[in-house]
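2 protein chains.
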Amino acid sequence: MDGILLRNIISDGKDCDIYIKGNVISDIAPAGAGRPDENYEAVDCRGKTALPGMINAHTHASMTLFRGVGEDICFQDWINKIWAEEEKIDDEFIYWAAKVACLEMIRTGTSAFLDQYWRVPAAAQAVREMGLRAVLSYVHLDHYDPATADRQRRECQEVYEESLSWPSTIGFSVAVHSVYSVSERQIVWAADFARAHGLKLNVHLCETEKEVRDCRASHGMSPVAYLDSLGVLGPDVIAAHALWLDEDDIRILAGRGVSCVHNINSNLKLASGYRFLYNELKGAGVNLCIGTDGCASSNNLDLLEAMKTAALVQKAWRCDPAAMPLDELFAMASVNPAKALGICSGRIEKGALADIIIVDTDSSFFLSRAPFMANFVYSAHSDSICSMICDGKFVMRDRAVPGEDEILAEARKVLSRLD
Amino acid sequence: MDGILLRNIISDGKDCDIYIKGNVISDIAPAGAGRPDENYEAVDCRGKTALPGMINAHTHASMTLFRGVGEDICFQDWINKIWAEEEKIDDEFIYWAAKVACLEMIRTGTSAFLDQYWRVPAAAQAVREMGLRAVLSYVHLDHYDPATADRQRRECQEVYEESLSWPSTIGFSVAVHSVYSVSERQIVWAADFARAHGLKLNVHLCETEKEVRDCRASHGMSPVAYLDSLGVLGPDVIAAHALWLDEDDIRILAGRGVSCVHNINSNLKLASGYRFLYNELKGAGVNLCIGTDGCASSNNLDLLEAMKTAALVQKAWRCDPAAMPLDELFAMASVNPAKALGICSGRIEKGALADIIIVDTDSSFFLSRAPFMANFVYSAHSDSICSMICDGKFVMRDRAVPGEDEILAEARKVLSRLD
Chain A
8 MDGILLRNII SDGKDCDIYI KGNVISDIAP AGAGRPDENY EAVDCRGKTA LPGMINAHTH
68 ASMTLFRGVG EDICFQDWIN KIWAEEEKID DEFIYWAAKV ACLEMIRTGT SAFLDQYWRV
128 PAAAQAVREM GLRAVLSYVH LDHYDPATAD RQRRECQEVY EESLSWPSTI GFSVAVHSVY
188 SVSERQIVWA ADFARAHGLK LNVHLCETEK EVRDCRASHG MSPVAYLDSL GVLGPDVIAA
248 HALWLDEDDI RILAGRGVSC VHNINSNLKL ASGYRFLYNE LKGAGVNLCI GTDGCASSNN
308 LDLLEAMKTA ALVQKAWRCD PAAMPLDELF AMASVNPAKA LGICSGRIEK GALADIIIVD
368 TDSSFFLSRA PFMANFVYSA HSDSICSMIC DGKFVMRDRA VPGEDEILAE ARKVLSRLD
Chain B
8 MDGILLRNII SDGKDCDIYI KGNVISDIAP AGAGRPDENY EAVDCRGKTA LPGMINAHTH
68 ASMTLFRGVG EDICFQDWIN KIWAEEEKID DEFIYWAAKV ACLEMIRTGT SAFLDQYWRV
128 PAAAQAVREM GLRAVLSYVH LDHYDPATAD RQRRECQEVY EESLSWPSTI GFSVAVHSVY
188 SVSERQIVWA ADFARAHGLK LNVHLCETEK EVRDCRASHG MSPVAYLDSL GVLGPDVIAA
248 HALWLDEDDI RILAGRGVSC VHNINSNLKL ASGYRFLYNE LKGAGVNLCI GTDGCASSNN
308 LDLLEAMKTA ALVQKAWRCD PAAMPLDELF AMASVNPAKA LGICSGRIEK GALADIIIVD
368 TDSSFFLSRA PFMANFVYSA HSDSICSMIC DGKFVMRDRA VPGEDEILAE ARKVLSRLD
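Heads up: the protein sequence lines correspond to chains A and B, in order.
Per this note's numbering, the first sequence starts with residue 8, numbered consecutively.
Per this note's numbering, the second sequence starts with residue 8, numbered consecutively.
In isolation and in its complexed conformation, chain A is listed as follows:
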């Protein structure tokens, strides 16, 4: 077989045939109008809708097995608990936790993600085996300890070299944990390293009010201004959270071309805040994405759930029911993160990467006269996503993901060893 033909699938409101050859969408034709071709595996998609696979712009995949470690506690207590847990992890933990994360992302419609964690090669192996697309970053978090900083620089360099042999679906990038947990020297080194090698740089930025207050006390400026003063910010930087911003911060982020990632569920659950300045950031021209954060805070990897919550919370605190329109919301989970990550996906069009989810609308949730996207975001759940193609191959078909039982069993073993 040369490829896959999705027959009679709704895309952009039209009944289409979508041809996939290799890892790209090779053609989109009106349903039935295309050439019959025996070299394509034809899949009957009547009554189903195609969307680009969603892209999670900020997560920590291997923290999926830290889900539930600290429930209903404040950010500072929570992160201390997480840091204590992280002392225990090894490659096996990372590998199986990343597999669980990929399984959960596949089942909830996410075909690509930007990750920030350690032991990146073990995660890369898991992602490769699960067939997803990812940009995996090595995170610098030295707690101002020079020995840790040295080790992390060495490890970062090693993983970068290893990443040169990774498949095209998996990219490498660099992360700085935050302005409050990484020494200035290390921040600068990481940013220089990323720039020197053409890599993305991601960072937790202005997540809590305390972070901003402490940074102003230590450095006399906001975290955004501080990073900018170090020459860190630029179009390859992706800032997660970006919640506690002032006008100057927004001007700097827009001016430097930084992408920002809204992580609503994590911000709400840790009581970090809820007033994400969507209108102001968008108005300034910032590329805006959505993410789930890691399962230790959010507590799942379901972007559809995050989209609904983001839209509803934005409407409520702004007293504006039209806030965060649906097309812009879906862009935050598709074209915008694709742009941030520099990957040719997030849209269904000829020549784009074949990362596609197939939505089954044969349920009560789609009984409505509203546009598809309203039903998908406001009414349905991610279990309406029945199949996913990533990089031209099915990774889920009719809700079945190969290897699911083994992944759950092995993950339980890993979890039992943590106690």
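Please keep in mind that the hints were generated in silico from the structure rather than gathered at the bench.
The model shown is predicted, which means the values in this text are computed figures rather than measured ones.
Please note that a few of the clues may not be correct.
The list cannot tell twin chains apart, which means a pair is met if one copy fits it or any two copies do.
[Unchecked claim] Cut-off 20 Å, straight-line C-alpha distance, at most; resulting in silico cross-link-like pairs (SDA-like, lysine to any residue):
#, residue 1, residue 2
1, Lys217, Glu191
2, Lys55, Ala416
3, Lys21, Pro37
4, Lys21, Pro378
5, Lys420, Pro378
6, Lys420, Asp369
7, Lys346, Val31
8, Lys400, Met8
Given the structure of chain A, go ahead and fit chain B onto it with the hints provided.
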């Protein structure tokens, strides 16, 4: 067969056998310890968890087919659109829309609900056929028109008389739409009628800031004080929304024994507000419940989703990650609404009504060291609910609900006639 035996099911953290005889839980024994009895249909529930069927304390079931009628518009524009749509509906619409609502409730774990709408006998037939439990209220909404008021009093009386022959699973009650849409004379009549016949009374109360402002302008007092001045409030009253309250309102609601229903998704989406005064209401001793509101606003009937959003939003605006603890949250969807509605359910214990949901924890969402309820609310989705027993009978088994295809097909026909 005499009944159902749920073998090896986790309830309250313990491995149990749950015996169901007729419509009640007749016994709960440690797993394997009970008498083997051929008269029970034994269902193997290993690896599954039993919870009481959830109770939706405020919805408009037949508005499920108004889903998507007005997206992303403000409350006043939205309700005007709804009222225009409601001119078109007939018994057939109500019947099939209520069937869709029941289907959706079953699939998301809700076994009982308090409804507020018209053409109640058509809805009652649908609920009976679907096997759910409900209290269905006839809603007074006269728009200050005496002829409408007369007709509604007559209809209310007629439905009440008809309701005397309904099965034990379906109760009748009375509703007053709101202080801004119903004449004073009608409000008093409805409250007197309810009291005279021992019926519950439910009302939309303090849903928007405008409602409170207008009521103060018209009556010189808040909607709560206004209803109290009319002698309406008492322990049989269930107030939906209760969002824009002051200290005096809370004192009155607590003093009268009114139950309040939090409808987070509806409040957020219509930008009505988000500061539900959970701590203050609970502190005053008010019985607090959770609801989804109708699908025209919220846009689904998924209580589990509503619970997560309610908890997360409460944590965020209070800057308190411990706000709305999980056990209290689940009580708002189980024992509290059971108390409000006067039904012996909402808990799994000997003698209670056999309204039970069975949760399949064999998925990534339950891979966690957190307590079950944290995983259920924060991580999982309602599709983890695999089966439901209502009034002693299975209404969903392994995600299959009898008649689902026909319901969806008939609902599509009804919808197509609306355009």
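To see whether the hints hold, each was checked on the structure:
For the homomeric pair Lys217 and Glu191, the shortest alpha-carbon distance inside one copy (19 Å) is at most 20 Å, but the shortest distance between copies (51 Å) is not. Proximity of Lys55 and Ala416 under a CA criterion of 20 Å is satisfied inter-copy only: 16 Å between copies versus 32 Å inside one chain copy. When the C-alpha separation of Lys21 and Pro37 is checked against a cutoff of 20 Å, the pair qualifies only within one copy, where the shortest distance is 8 Å, while the shortest distance between copies is 57 Å. In the homo-oligomer, the alpha carbons of Lys21 and Pro378 lie at most 20 Å apart inside one protomer (13 Å), although the nearest pairing across protomers, at 46 Å, exceeds that limit.
Taking the shortest alpha-carbon separations for Lys420 and Pro378, only the inter-copy value of 18 Å comes in at or below 20 Å, while the best intra-copy value is 44 Å. Taking the shortest Cα distances, Lys420 and Asp369 sit within 20 Å of each other only across copies (14 Å), while inside one copy they are farther apart (37 Å). Taking the shortest Cα distances, Lys346 and Val31 sit within 20 Å of each other inside one copy (17 Å), while across copies they are farther apart (57 Å). Taking the shortest alpha-carbon separations for Lys400 and Met8, only the intra-copy value of 12 Å comes in at or below 20 Å, while the best inter-copy value is 49 Å.
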